[in-house]
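J.: Single-letter residue listing:
Protein chains: 2
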Amino acid sequence: MSEIIGHQYIGGARSAAGDITLRSFDASTGDALPYTFRQATGAEVDAAAEAAAVAYPIFRALPASRRAEFLEAIATQLEALDADFISLVSRETALPAARIQGERLRTSNQMRLFAQVLRRGDFYGARIDRALPERQPLPRVDLRQYRIGVGPVAVFGASNFPLAFSTAGGDTAAALAAGCPVVFKAHSGHMATAEHVADAIIRAAEQTGMPKGVFNMIYGAGVGEALVKHPAIQAVGFTGSLKGGRALCDMAAARAQPIPVFAEMSSINPVVILPEALHLRGEKIASELAASVVLGCGQFCTNPGLVIGIRSPAFSAFTASLVGLMAEQPAQTMLNRGTLASYTKGVQALRAQPGIEHLAGGEQHGSQAQPQLFKADVSLLLDGNPLLQEEVFGPATVLVEVADAAELQGALHSLHGQLTATLIAEAGDLQQHASLLPLLEQKVGRVLFNGYPTGVEVCDAMVHGGPYPATSDARGTSVGSLAIERFLRPVCYQNCPDALLPEPLQNANPLGIARLVDGASTRDAL
Amino acid sequence: MSEIIGHQYIGGARSAAGDITLRSFDASTGDALPYTFRQATGAEVDAAAEAAAVAYPIFRALPASRRAEFLEAIATQLEALDADFISLVSRETALPAARIQGERLRTSNQMRLFAQVLRRGDFYGARIDRALPERQPLPRVDLRQYRIGVGPVAVFGASNFPLAFSTAGGDTAAALAAGCPVVFKAHSGHMATAEHVADAIIRAAEQTGMPKGVFNMIYGAGVGEALVKHPAIQAVGFTGSLKGGRALCDMAAARAQPIPVFAEMSSINPVVILPEALHLRGEKIASELAASVVLGCGQFCTNPGLVIGIRSPAFSAFTASLVGLMAEQPAQTMLNRGTLASYTKGVQALRAQPGIEHLAGGEQHGSQAQPQLFKADVSLLLDGNPLLQEEVFGPATVLVEVADAAELQGALHSLHGQLTATLIAEAGDLQQHASLLPLLEQKVGRVLFNGYPTGVEVCDAMVHGGPYPATSDARGTSVGSLAIERFLRPVCYQNCPDALLPEPLQNANPLGIARLVDGASTRDAL
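These protein sequence lines are chains S and L, in that order. Numbered according to the numbering used here, the first sequence spans residues 1383 to 1908. Numbered according to the numbering used here, the second sequence spans residues 1383 to 1908.
These are computed hints drawn from the structure, not numbers from a lab. Computed from a predicted model, the values in this text were never measured in an experiment. A few of these clues could be false.
The list treats identical chains as one, so a pair stands whether inside a single copy or across any two.
What the hints assert, rightly or not - Here are the simulated PhoX-like pairs of lysine-lysine, each with C-alpha atoms no more than 25 Å apart in a straight line:
| no. | residue 1 | residue 2 |
| --- | --- | --- |
| 1 | K1666 | K1594 |
| 2 | K1594 | K1757 |
| 3 | K1727 | K1594 |
| 4 | K1825 | K1611 |
| 5 | K1757 | K1666 |
| 6 | K1666 | K1727 |
| 7 | K1666 | K1611 |
| 8 | K1666 | K1625 |
| 9 | K1825 | K1757 |
| 10 | K1625 | K1611 |
| 11 | K1594 | K1611 |
| 12 | K1666 | K1825 |
| 13 | K1825 | K1594 |
Input sequences plus hints: build the corresponding full structure.
T.: This is the structure:
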């Protein structure tokens, strides 16, 4: 592995102009790791944004196939990182090695998926309306549209996916695929990991002849504000808390030139368990659900934080099973001390709320998170109590019992926007509760049937998004190939000579891509 | 024609709860027309947004073919409006009857274009990744994605297109096509026109069995703020001034749940005239350009407000021709007194600016707008003087002479975002100034060659958008079929039983649409 020096990555060089130093920690012991990172100065933040701006016209003008090679080279570099790297990521995050290896594969596959998207060419959204010189009352000019990257993108990584949602994660992959250079703000929870991954990206950039400044990275607390406000930055990707994401949105909206922020923030991911399923396999559901709640110490955006069922002896039996199972779950080490403090605070708030009963889970103490199970009176949901709308990030979930189908509808209606909603249901349940489906569709980005939301497949059809506060813009996804669209904008050419047109729009269709020509999709040359 | 009663349109009924009355005026004489409109009360604004919210789940669940029938019925109703209607629109806007007739055709064709989009089905963006139960290390679930309307949309119409960018204009058509009910704020400049068009929409809605509340309209000054802040509203379409658009963006961003605003605002639409073209056809260009500047009294978002050429005897001769032509252009009546006052103020500011020379145009007085030609020192552009970045809405344009190709590049680089940029050029010019093209592409939504930007074709390939301040979100267009995408968001189904899937995602592909299945586009059933 390369040596960790803790300097900023700016325009293909390293920079350490400031005096403030930062440390990374062993997540399990709390001990400082033997690395020092320099906080970026204001001038370094500017320089990073400007390096991205200089790279932009060069990078976006490269054929998409060249960008695909770059993404594939990043994937190869990530896969080549050795066991010391895996062990370092584990130390910084307390995530087990097997999880880190799986996440690395997901991250490199994600790069390869975007490379496929670039070769497939549908991201161009090529549309051609040919001239109609004889049209009455007025002739039609020749008009051709495709999509280009919006410009330099600032990316803020997540604590809980040190690889897949971080330095070389989904937002970075989508932005680079779109032709947008990136300035990445390293997450304070895994700066050593970030440095190794940044090195891998830089090696890939050099191997494939990318412009300097195609990828930049800065360290530091509070440097994100200057980054988001820099005039060169044209969009922001963020994964993290509602408070942090909303603050970035507000800054971006207040700029002289407002820019879009794609923030993936807070979701409690309701799971609705319907009667027939409960009757047939209540025990199994309780066991699967408990496993989903504590998976990865509950540190997933899609952790099931709310479980709703209709009052019945079967639901009471299910509740009893879940209480037993959750009481047995061991404490786990969280990503960092801040995460644990925040979980402890969230659990305390639930414990202190009248109308919420604590059903299972040891007293929260020490350096590990105790799994917790609560039960809330449905009136809290119906009355819009904010405690039931806010994610408690960690291994906790809240049961809600409703009286009947009408109250179930009301409870779901009262929810804010979510990344996911899950129906645990048999065929008869779905027939009887058919009206739930359109309601859930309005509330969420992904509706699951008889599964658990904690797995998020990286593919073309995934939506990891949803109405506010799940994300700041429901029209995007931060997982899956559609994520590229957040960083593209359409441009139209009118009566442009063929030789000057970008390749996707030329008559000969040299890229062989599908295009909408005079209202019909075709790969034919014109 | 139906009688004008001046009441709000809320949930399929009329409402006049308030006491404040408004009048519409004859744009040429300034006389009040014999109609009274009631300003919407706060409660009426709420009721209109809530009527749209009630209509939303019903409307969005209709097959796209039903929405297509609705749009076509609106088109037919618009085309059936009689000569009295044309004459009324003319009175309210001072636009000639032939222009109104042309604009009506454009408006009804726009509705029909969106109906085609709905039948074509690509707006669904259907994507299917089938389950891979044998995949290692983990099986893949079945994932299917399509797009749904975001919810009720507030639309603010433009003064300068009383039909095509107003009540039944592009934003309304795109929102309705997307499955989003609309609350339209009638423009104060043509309230009688708005009422007749709203009646046409309501007749079409009744004919085609649309839910009440699919289209609502309110009158009044200052009622827009309450509308944008209403929790039921999920997106905003706006065409108008930078000040007005930005105010709406700021309000929308400050909501508890921020929502997107698609505001089409300010553009000066630079026209670059290159040497060989100037040499070959300078006189013709001067004549075409003068015609474009004064067309419709310059009241177009795409009016060419900045003309740039390289210093040469040919450019001096062109300037002299343009001076002569602009001096001959007659004064014209503007859309309303507010527009004239704003034009007068803009012209005065240009006249008062050191470094800007007045080349042609009579003293601005009386009730008509005098066409004006100015010449600005390039230093003003290079130094970022705001006067050269802001649209003066009306028949005025500013010439800028640059020393050479490098200064041309610098001048264009200094421009903010634009709807359009135009190159008037011969083949040799384009070869010699090839570096202009990528620069212009970064600045604008549409690049024109040897044309004038004032015509905006309604088609699949059009982009009427561009970087700020041309619009508030460069990722959209407010003209052309791509406009529907502003009001759609993706939703994903995981392991959903086939019978419960929305039609676009069912195995049998009952709609016969193109879908991305396991990474390849196909219309086949699965």
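J.: When no copy is named, should K1666 and K1611 be tagged within, between, both, or neither for a Cα gap of at most 25 Å?
T.: neither (50 Å within a copy, 46 Å between copies)
J.: Tell me, please, which holds for K1727 and K1594 at an alpha-carbon limit of 25 Å: within, between, both or neither?
T.: neither (44 Å within a copy, 47 Å between copies)
J.: Please sort K1825 with K1611 into within, between, both or neither, judging by C-alpha distance up to 25 Å.
T.: Classified as between; 20 Å across copies, 31 Å inside a copy.
J.: Is it within, between, both, or neither for K1825 and K1594, if the alpha carbons may be no more than 25 Å apart?
T.: between (42 Å within a copy, 23 Å between copies)
J.: Between the shortest in-copy and the shortest cross-copy C-alpha distance, which are at most 25 Å for K1666 and K1625: within, between, both, or neither?
T.: The answer is neither: 36 Å in one copy and 59 Å across copies each exceed 25 Å.
J.: If the cut is 25 Å between Cα atoms, do K1825 and K1757 qualify within a copy, between copies, both or neither?
T.: For K1825 and K1757, the Cα distance is within 25 Å only inside one copy (22 Å; across copies 55 Å).
J.: How would you label the pair K1594, K1757 (within, between, both, or neither) given a Cα cut-off of 25 Å?
T.: Neither, since 54 Å and 40 Å both go past 25 Å.
J.: Are the CA atoms of K1666 and K1727 at most 25 Å apart within a copy, between copies, both, or neither?
T.: neither (31 Å within a copy, 74 Å between copies)
J.: My question is about K1625 and K1611: at a cut-off of 25 Å on alpha-carbon distance, are they close within one copy, between copies, both, or neither?
T.: This pair counts as both: shortest intra-copy Cα distance 18 Å, inter-copy 21 Å.
J.: At 25 Å max between alpha carbons, let me know whether K1757 reaches K1666 within a copy, between copies, both or neither.
T.: Result: close within a single copy only, 20 Å intra versus 79 Å inter.
J.: Treating 25 Å as the Cα threshold, decide for K1594 and K1611: within, between, both or neither.
T.: So K1594 and K1611 pass the 25 Å test inside one copy only (22 Å; across, 44 Å).
J.: Reference check for the pair K1666 and K1825, CA-CA at most 25 Å: within, between, both, or neither?
T.: neither (27 Å within a copy, 58 Å between copies)
Consistency note: the structure conflicts with the earlier hints numbered 1, 2, 3, 6, 7, 8 and 12.
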